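Undergrad: Read off the chains here:
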Amino acid sequence: MRARPNYLAGFGSLVWLFVVGLPLYVMLVATFQTRADYAGNGPLSFPERFTLDNYVNDLSEGFGQYFLNTVIVTVCVVGIVVVLVPPLAYAIVRNDGKATGRVFRMFLLGLAVPSQAVIVPVFYLIDQAGLYDSLIGIVLPTAAFSMPVSALILTGVMRDVSPELYEAMTLDGASPWRIFHQLVLPLSKSGLSTIVVFSSLQAWNGFLFPLVLTQSAENKVVTMGLYDFQTEHGVDIPALLAAVVLSMLPVLLVYLFARRALVQGLMGVGGK
Amino acid sequence: MTSSSTVGRPGFAWAVPAAVFFGLFALVPLLLVVVLSFTRWNGIGSPRFAGLENWDKLLDDPVMVNSLWLSLLLTVLGVVVQTPISILLGVWAAGHQRNRAVLSAIYFVPLLLSITAVSVLWRAVLDPNFGVPSQATWLFGDGNLLGVRAGAIGVLVFVSTWQFTPLHTLIYQGAARAVPRVLYQAAQIDGAGTVRQFFHITLPQLRNSIVTSMILMVVGGLTTFDTVLILTQGGPGTDTTNSAYYMYQKGFKSFDFGAASAIALLLVLVATLVSLVMVRLTGYDKMRSTMEGV
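Going down the list, the sequences are from chains A and B.
Under UniProt numbering, read the first sequence as residues 1 to 272, first letter to last.
Under UniProt numbering, read the second sequence as residues 1 to 294, first letter to last.
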């Protein structure tokens, strides 16, 4: 493209790096010092004495349990999405029937429904089903709200499977089921990993459903732990920020390994 | 299409499990919220029909009316602040040098964090006694940003920008990469500089993405909730009580689920209306065929 460097854009992007980086820096250095050091030296200074006590204390204050709960919720949500969405996307791409078209439009409509809009009825339904204050009560609506985006991503990927391959397998007399698991699924691997990453992110970071649908300490997920921690010990900033770091650690690890899948998936959501 | 037969094609049944599951937790509740908005229900026992009572009360409720204005204000400010930043960053990141890839990877981090984590983080960073304002008094004065109306609104807009700019940057980055090179080559032959190329080629080519991104911002802005709950609790006073937060308060704090449902419904209606108007005004609906490249 342009050989001449664009200094203005370069400068702007550095400014943004500062905006993004500064709070992350403050967070990280705060967690490695004692509360007294942090208060004394201010948020921008580097720790004099390095300590991991903040992390250790957080973990002993229940964050271990919250982690376990969040892992359970995340695994279940991903499981439901991965079992239900691929057949749906397959039907949307390969079935010309009117009913399937309607289902697809229903999911597109669902993209626009914010979870707050339905939180009262969801609370009602979960309560009626006797699932209030249980992990499964969080799992069900969270999985449902991950579905529209997952369906959109996966139909996009499955449409790219060339029609000749379908034709060839059909001529060989393959059943829809065989075509699904011998052709469609293997060729949709990138899309599948995207929806896994995407729905696990949704589940891991979910806030509203846990807030409204659970109550007791043994069913707390990480985001709830963080929220309560802030209300209870809001003044112990190093401990609070250590909890924030703990809550995001797994996500950052996933990001390191699955950056491509995640970025492609998000690009697909907005770009098309 | 050579074969119009259904041999080897999946039947409707393949779509049923997902459709039922999704319908149960998204569409049934959407209908139910309409019903509940005409009832009185405190969370225990069953809802009782109350006619237009909730709606009557809400329309006379000054906090409700203010909360709606505030939601719109937060949305407009969000769009105005985020759009230019993310277009510029997105177009810049669409280039191919190595440092761009590294920087874009860093820019992306806020999007990965939960809104909870981001809000807690910013509350700590902006803490008037222990946070950055205590060190940078030249910028923040005595620094209790969240204690005054303008400051609290500013912080809410800023924190959303901080978190969601990466998403919109990504949208623009993808779109900017898809702009045909020929256009730039032609412009260069005509002697157009970087700035003219940006305004005459890049921006018009990004039109579809601008609408997509703005609709996401509008729906996101109108439903801002977690940041309000954690950063301001709707305060000072009710200065940052937007509709989403008011709904939560009405329902899950005052146990007036009928009123909460009415607010929720109102939010959906406003969000849908705004999106539709945007789609119409920009002619987005007529451009459908060009953007459905799938």
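In short, the hints are calculated from the structure, not lab data.
Among the clues, some could well be false.
[Unchecked claim] Between beta-carbon pairs, the in silico distance windows are:
(1) B:N129 x A:L59: 21 to 31 Å
(2) B:I44 x A:G42: 48 to 58 Å
(3) B:P236 x A:D133: 47 to 57 Å
The model shown is predicted, which means the values in this text are computed figures rather than measured ones.
Ideal placement from N, C-alpha and C gives every residue a C-beta, glycine not left out.
Undergrad: Each hint: holds or not?
TA: Verification of the hints:
1. For the pair N129 of chain B and L59 of chain A, the beta carbons lie near 27 Å from each other, so the given range of 21 to 31 Å is met.
2. The beta-carbon spacing between I44 of chain B and G42 of chain A, approximately 50 Å, falls within the hinted interval of 48 to 58 Å.
3. A hinted range of 47 to 57 Å is violated for the C-beta pair P236 of chain B and D133 of chain A, which are about 33 Å apart.
The structure shown violates just one earlier hint, number 3.
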